[in-house]
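Q: For reference, the chains in residue letters:
Protein chains: 6
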Amino acid sequence: MKLSARNLLKGKVVKVVKGAVNSEVVIELPGGEKLVSIITNTSVASLGLKKGKEAYAVIKASNIMVAVDE
Amino acid sequence: MKLSARNLLKGKVVKVVKGAVNSEVVIELPGGEKLVSIITNTSVASLGLKKGKEAYAVIKASNIMVAVDE
Amino acid sequence: MKLSARNLLKGKVVKVVKGAVNSEVVIELPGGEKLVSIITNTSVASLGLKKGKEAYAVIKASNIMVAVDE
Amino acid sequence: MKLSARNLLKGKVVKVVKGAVNSEVVIELPGGEKLVSIITNTSVASLGLKKGKEAYAVIKASNIMVAVDE
Amino acid sequence: MKLSARNLLKGKVVKVVKGAVNSEVVIELPGGEKLVSIITNTSVASLGLKKGKEAYAVIKASNIMVAVDE
Amino acid sequence: MKLSARNLLKGKVVKVVKGAVNSEVVIELPGGEKLVSIITNTSVASLGLKKGKEAYAVIKASNIMVAVDE
Chain A
0 MKLSARNLLK GKVVKVVKGA VNSEVVIELP GGEKLVSIIT NTSVASLGLK
50 KGKEAYAVIK ASNIMVAVDE
Chain B
0 MKLSARNLLK GKVVKVVKGA VNSEVVIELP GGEKLVSIIT NTSVASLGLK
50 KGKEAYAVIK ASNIMVAVDE
Chain C
0 MKLSARNLLK GKVVKVVKGA VNSEVVIELP GGEKLVSIIT NTSVASLGLK
50 KGKEAYAVIK ASNIMVAVDE
Chain D
0 MKLSARNLLK GKVVKVVKGA VNSEVVIELP GGEKLVSIIT NTSVASLGLK
50 KGKEAYAVIK ASNIMVAVDE
Chain E
0 MKLSARNLLK GKVVKVVKGA VNSEVVIELP GGEKLVSIIT NTSVASLGLK
50 KGKEAYAVIK ASNIMVAVDE
Chain F
0 MKLSARNLLK GKVVKVVKGA VNSEVVIELP GGEKLVSIIT NTSVASLGLK
50 KGKEAYAVIK ASNIMVAVDE
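Protein chains in written order, with numbering that gives the first Met the number 0: chain A, 0 to 69; chain B, 0 to 69; chain C, 0 to 69; chain D, 0 to 69; chain E, 0 to 69; chain F, 0 to 69.
Only chain A is shown next, with the shape it has when bound in the complex (with noise of 0.2 Å):
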């Protein structure tokens, strides 16, 4: 399946904090950076997502803001 989604990021799953609904699963890119993402606990299992694993972050386009030092 190829996404409209812009904006497709590969790294590896580093964390996986489970709530009621939610989890929080944290990707690592290779150059260090995390990223944070919020998903449904169906999708944390559905997708097999635990620490080690490869994955990617996956932002459309009109989600990302932009900013800049003052």
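What the hints contain is simulated information worked out from the structure, not anything from laboratory work.
Check the hints yourself; a few may be wrong.
To be verified - Pairs of lysine to aspartate or glutamate residues, derived as EDC-like cross-links and limited to a Cα-Cα distance of at most 20 Å, are as follows: (1) D:Lys-1 to D:Glu-53; (2) C:Lys-52 to D:Glu-53; (3) D:Lys-49 to D:Glu-32; (4) F:Lys-52 to E:Glu-69; (5) E:Lys-9 to E:Glu-53; (6) E:Lys-1 to C:Glu-69; (7) A:Lys-50 to B:Glu-69; (8) E:Lys-49 to F:Glu-69; (9) F:Lys-1 to E:Glu-32; (10) A:Lys-11 to A:Glu-53; (11) D:Lys-11 to C:Glu-69; (12) C:Lys-17 to C:Glu-27; (13) E:Lys-33 to F:Glu-27; (14) A:Lys-1 to D:Asp-68; (15) F:Lys-52 to F:Glu-32; (16) A:Lys-49 to A:Glu-27; (17) D:Lys-9 to D:Glu-53; (18) D:Lys-11 to D:Glu-27; (19) E:Lys-1 to F:Glu-32; (20) B:Lys-50 to A:Glu-69; (21) B:Lys-1 to A:Asp-68; (22) D:Lys-1 to C:Glu-32; (23) B:Lys-52 to B:Glu-69; (24) F:Lys-14 to E:Glu-53; (25) C:Lys-1 to D:Asp-68; (26) C:Lys-50 to D:Glu-69; (27) E:Lys-52 to F:Asp-68; (28) C:Lys-1 to B:Asp-68; (29) D:Lys-11 to D:Glu-53; (30) C:Lys-9 to C:Glu-27; (31) A:Lys-52 to A:Glu-69; (32) D:Lys-52 to D:Glu-32; (33) B:Lys-1 to F:Glu-69; (34) C:Lys-11 to D:Asp-68; (35) A:Lys-11 to B:Glu-53; (36) B:Lys-1 to A:Glu-32; (37) E:Lys-1 to F:Glu-69; (38) B:Lys-9 to A:Glu-69; (39) C:Lys-49 to C:Glu-32.
These numbers were taken from a predicted model, which means no experiment stands behind them.
With chain A fixed as given, assemble chains B, C, D, E and F onto it according to the hints.
A: For chains B, C, D, E and F alone, coordinates are given in the frame of chain A:
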């Protein structure tokens, strides 16, 4: 100002494409990954975004999805 | 690629309206409902979207609201 | 009230899973597709959502991505 | 129709800037704050939005971030 | 840091409800309107959010919908 958004990725603006209301802004991270953002033209102007400027991509954790290779 | 987005609705593209940066893409589901999506022109091109093509509407669960009749 | 959100899909609530702050609400469309939504518990209570109730899934066009089979 | 979105702010439209696909709509609250929204042109037309019209800004709770002064 | 988000509303935190992963934070504007936000617990802690603290609600323009009375 300190923001609740959990994801703040520092990079450099490498492209700005202006539309009628929105612009597409491409930020390159130090590791070479490119992030594409859609923000309003007014924001592009008020932040002074242009090729070569340092900038951050800012993303709320609930707006990041996760994918895995099948 | 397998995605964490919980909502994946298969249909057919029935309209593409191109703007300067974004396009409006309308997907009709088998039951006749129409879904309207705004994605970048670059995505429209890279996915080869045009009238008649099979496509999926993909929606993160946290982006769906619920309403009821009063 | 009339809303700018371009996508309004009528269905029936088939599941509500309550967490500490958010709930997962599943709406089945007449054609059998299921949509999963994450909304706050307060919204679930104020809308009186429960299994069997008619409800709409409401989605802003900029929150729908598109995918195609490869 | 009653909506799950937790945030509904009543005000008056003070500006509409039309693009090719999307429009920028500015709503002024009674306290003088201005809210800027990007919605499709089709929504602007179907809601009859124009300067002076009463309107609500509608925001899902998961789309509001928080910031503090440092 | 200066942010592309077009909407920045100053107010005071009047409630924080903590869940397993996410918290609900309510900010009251000077005019008395209340805004409800869902952010991660980690953000609540790192911003030191608690009842009485001054804070801003931050919203990207593409995440604001518009509604009118019928």
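Q: Confirm or reject each hint.
A: Each hint, compared with the structure:
Between Lys-1 (chain D) and Glu-53 (chain D), the direct Cα distance comes to roughly 18 Å. Compliance with the 20 Å bound is thereby established for this hinted pair. Only pairs whose Cα atoms come within 20 Å are accepted, and Lys-52 (chain C) paired with Glu-53 (chain D) is rejected, the gap being roughly 32 Å. Annotation: proposed proximity of Lys-49 (chain D) to Glu-32 (chain D) holds, straight-line Cα distance about 18 Å (limit 20 Å). The hinted pair formed by Lys-52 (chain F) and Glu-69 (chain E) meets the criterion: a straight-line CA distance of about 12 Å does not exceed 20 Å.
Restraint check for Lys-9 (chain E) and Glu-53 (chain E): the C-alpha separation of about 7 Å stays at or below 20 Å, so the hint holds. As the CA atoms of Lys-1 (chain E) and Glu-69 (chain C) are separated by approximately 6 Å, the hinted pair is consistent with the 20 Å bound. Restraint check for Lys-50 (chain A) and Glu-69 (chain B): the C-alpha separation of about 17 Å stays at or below 20 Å, so the hint holds. Between the alpha carbons of Lys-49 (chain E) and Glu-69 (chain F) the distance comes to roughly 15 Å, so the proposed pair stays at or under 20 Å and holds.
Among the hinted pairs, Lys-1 (chain F) with Glu-32 (chain E) is consistent with the structure: their alpha-carbon atoms are about 19 Å apart, no more than 20 Å. Simply put, Lys-11 (chain A) and Glu-53 (chain A) have alpha-carbon atoms about 4 Å apart, close enough for the 20 Å limit, and the pair holds. Between Lys-11 (chain D) and Glu-69 (chain C) the CA atoms are separated by roughly 15 Å; this keeps the pair inside 20 Å, and the hint holds. With a C-alpha separation of about 18 Å, the suggested pairing of Lys-17 (chain C) with Glu-27 (chain C) holds against the 20 Å cut-off.
This hinted pair checks out: Lys-33 (chain E) and Glu-27 (chain F) have alpha carbons roughly 16 Å apart, not beyond 20 Å. Restraint check for Lys-1 (chain A) and Asp-68 (chain D): the C-alpha separation of about 6 Å stays at or below 20 Å, so the hint holds. A threshold of 20 Å between alpha carbons decides the hint, and for Lys-52 (chain F) with Glu-32 (chain F) the separation of about 16 Å falls inside it, so the pair holds. Restraint check for Lys-49 (chain A) and Glu-27 (chain A): satisfied, since their Cα atoms lie roughly 13 Å apart, inside the 20 Å limit.
Proximity of Lys-9 (chain D) to Glu-53 (chain D) is assessed by CA-CA distance (about 7 Å); at most 20 Å being required, the pair is judged to hold. Note on Lys-11 (chain D) and Glu-27 (chain D): the hinted pairing holds, with a Cα-Cα distance of about 5 Å set against a maximum of 20 Å. Using a Cα cut-off of 20 Å, the hinted pair Lys-1 (chain E) and Glu-32 (chain F) holds, with the two alpha carbons roughly 19 Å apart. This hinted pair checks out: Lys-50 (chain B) and Glu-69 (chain A) have alpha carbons roughly 17 Å apart, not beyond 20 Å.
Taking the CA atoms of Lys-1 (chain B) and Asp-68 (chain A), the gap is near 12 Å; set against the 20 Å cutoff, the hint holds. Of the supplied pair hints, the one linking Lys-1 (chain D) and Glu-32 (chain C) holds, its CA atoms being roughly 19 Å apart against a limit of 20 Å. For a cut-off of 20 Å, the pair hint linking Lys-52 (chain B) to Glu-69 (chain B) is broken: about 38 Å separates their Cα positions. Between the alpha carbons of Lys-14 (chain F) and Glu-53 (chain E) the distance comes to roughly 29 Å, so the proposed pair goes past 20 Å and is violated.
With a CA separation close to 12 Å, the supplied pair Lys-1 (chain C) and Asp-68 (chain D) stays within the 20 Å bound. A threshold of 20 Å between alpha carbons decides the hint, and for Lys-50 (chain C) with Glu-69 (chain D) the separation of about 17 Å falls inside it, so the pair holds. Proposed proximity of Lys-52 (chain E) and Asp-68 (chain F) is supported: the alpha carbons are some 10 Å apart, at most 20 Å. For the hint linking Lys-1 (chain C) to Asp-68 (chain B), the alpha-carbon distance of about 6 Å falls within 20 Å, and the restraint holds.
A C-alpha spacing of about 4 Å is found between Lys-11 (chain D) and Glu-53 (chain D), which places the hinted pair at or below 20 Å, so the restraint holds. Note on Lys-9 (chain C) and Glu-27 (chain C): the hinted pairing holds, with a Cα-Cα distance of about 8 Å set against a maximum of 20 Å. Simply put, Lys-52 (chain A) and Glu-69 (chain A) have alpha-carbon atoms about 38 Å apart, too far for the 20 Å limit, and the pair is violated. Taking the CA atoms of Lys-52 (chain D) and Glu-32 (chain D), the gap is about 16 Å. The hint holds against a cut of 20 Å.
For the suggested pair Lys-1 (chain B) and Glu-69 (chain F), the alpha carbons sit about 40 Å apart, so the restraint of at most 20 Å is broken. Proximity of Lys-11 (chain C) to Asp-68 (chain D) is assessed by CA-CA distance (about 12 Å); at most 20 Å being required, the pair is judged to hold. The straight-line distance between the Cα atoms of Lys-11 (chain A) and Glu-53 (chain B) is roughly 26 Å, outside the 20 Å bound, and the hint therefore fails. Under the criterion of a C-alpha separation no larger than 20 Å, the hint pairing Lys-1 (chain B) with Glu-32 (chain A) is consistent with the structure, at around 19 Å.
Between Lys-1 (chain E) and Glu-69 (chain F) the CA atoms are separated by roughly 13 Å; this keeps the pair inside 20 Å, and the hint holds. Note on Lys-9 (chain B) and Glu-69 (chain A): the hinted pairing holds, with a Cα-Cα distance of about 14 Å set against a maximum of 20 Å. Pair hint Lys-49 (chain C) plus Glu-32 (chain C) holds up; C-alpha atoms about 18 Å apart against a cutoff of 20 Å.
In summary, the numbered hints that this structure violates are 2, 23, 24, 31, 33 and 35.
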